[in-house]
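Chemist: Top line first, the protein sequences correspond to chains V and B. Here UniProt numbering is used: the first residue of the first sequence is 1, the next is one more, and so on. Here UniProt numbering is used: the first residue of the second sequence is 1, the next is one more, and so on.
Any given hint might turn out to be false.
Since the list can't tell identical chains apart, any single copy or any two copies may satisfy a pair.
To be verified - Distance condition first, Cα-Cα at most 30 Å in a straight line; then the derived DSSO-like pairs of lysine-lysine: (1) K102 with K72; (2) K106 with K72; (3) K102 with K85; (4) K55 with K106.
By construction, these hints were calculated from the structure, which means they are not laboratory data.
There are 2 protein chains.
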Amino acid sequence: MSVNLYDHANELERAIRQSEEFTQLQSMYDAVNSDESARGIFENFRDIQLGLQQKQMNGEEITEAEIEQAQKTAQLVQQHELISKLMESEQRMSLLIQELNKVIMKPLEELYGSMEGPTQ
Amino acid sequence: MSVNLYDHANELERAIRQSEEFTQLQSMYDAVNSDESARGIFENFRDIQLGLQQKQMNGEEITEAEIEQAQKTAQLVQQHELISKLMESEQRMSLLIQELNKVIMKPLEELYGSMEGPTQ
Ligand SMILES: [Ca+2]
Ligand SMILES: [Ca+2]
Chain V
1 MSVNLYDHAN ELERAIRQSE EFTQLQSMYD AVNSDESARG IFENFRDIQL
51 GLQQKQMNGE EITEAEIEQA QKTAQLVQQH ELISKLMESE QRMSLLIQEL
101 NKVIMKPLEE LYGSMEGPTQ
Chain B
1 MSVNLYDHAN ELERAIRQSE EFTQLQSMYD AVNSDESARG IFENFRDIQL
51 GLQQKQMNGE EITEAEIEQA QKTAQLVQQH ELISKLMESE QRMSLLIQEL
101 NKVIMKPLEE LYGSMEGPTQ
């Protein structure tokens, strides 16, 4: 990777680190992490979601009881102010990353777009 | 998105566009596209690969005949100098993007890394 590219990537990295989106996300994480109850609820929610994703990827069946449990935990999370704020911050950060990627990937999109797609 | 972030993303985009990796990829694409036979072989290879990926994602079974066809087409592609050079360029470009992403995503990796993983 040329020095020039590396420099630009590092500058963007610093800008992300200083962005309102990132600092907000960081402080919401800290807030949830330092609240015993919030952290427990949030980790439980994450664990259940990851477990379901894993099952789906492995093609395993998800039971009704598991779906109910996931819905209950999701409700608990939505009702928790600190956690729902954290999840909003995660959403904003994720949108920012998507926007940045769209900009950065323009050269490749133009290139691939100029090539014929798969034959119908 | 703040103007600052947007500026840095645009600068990185320009640097990618001017990179040796990208200009090389671009000229290999042009070379393959302007060679009737190479373009045909390459598009056929792409179509077969996309078709197999689609089947896999849909959980459909892939027949032995399809695997054989894919292998034959892959061989044809590997033996074709122009196409194999294009594919090398694609690989280099993909590695560059991975490296850039690693740099840009550092703040998020640090943040998520500081949080406890899923409960065992
Ligand atoms: Ca085609
Ligand atoms: Ca945990």
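Chemist: Against each hint, give a clear statement of whether it holds in the structure.
Modeler: Going down the list of hints, with the structure as the test:
Taking CA atoms no more than 30 Å apart as the test, K102 paired with K72 passes in neither setting, with 35 Å inside one copy and 36 Å between copies. Proximity of K106 and K72 under a CA criterion of 30 Å is satisfied in neither setting, with 41 Å inside one chain copy and 33 Å between copies. Within a single copy, K102 and K85 get their C-alpha atoms as close as 26 Å, and across copies as close as 27 Å, so both meet the 30 Å cut-off. For the identical chains of this complex, K55 and K106 are inter-copy neighbours only, at 29 Å across copies versus 35 Å inside a copy, given an alpha-carbon limit of 30 Å.
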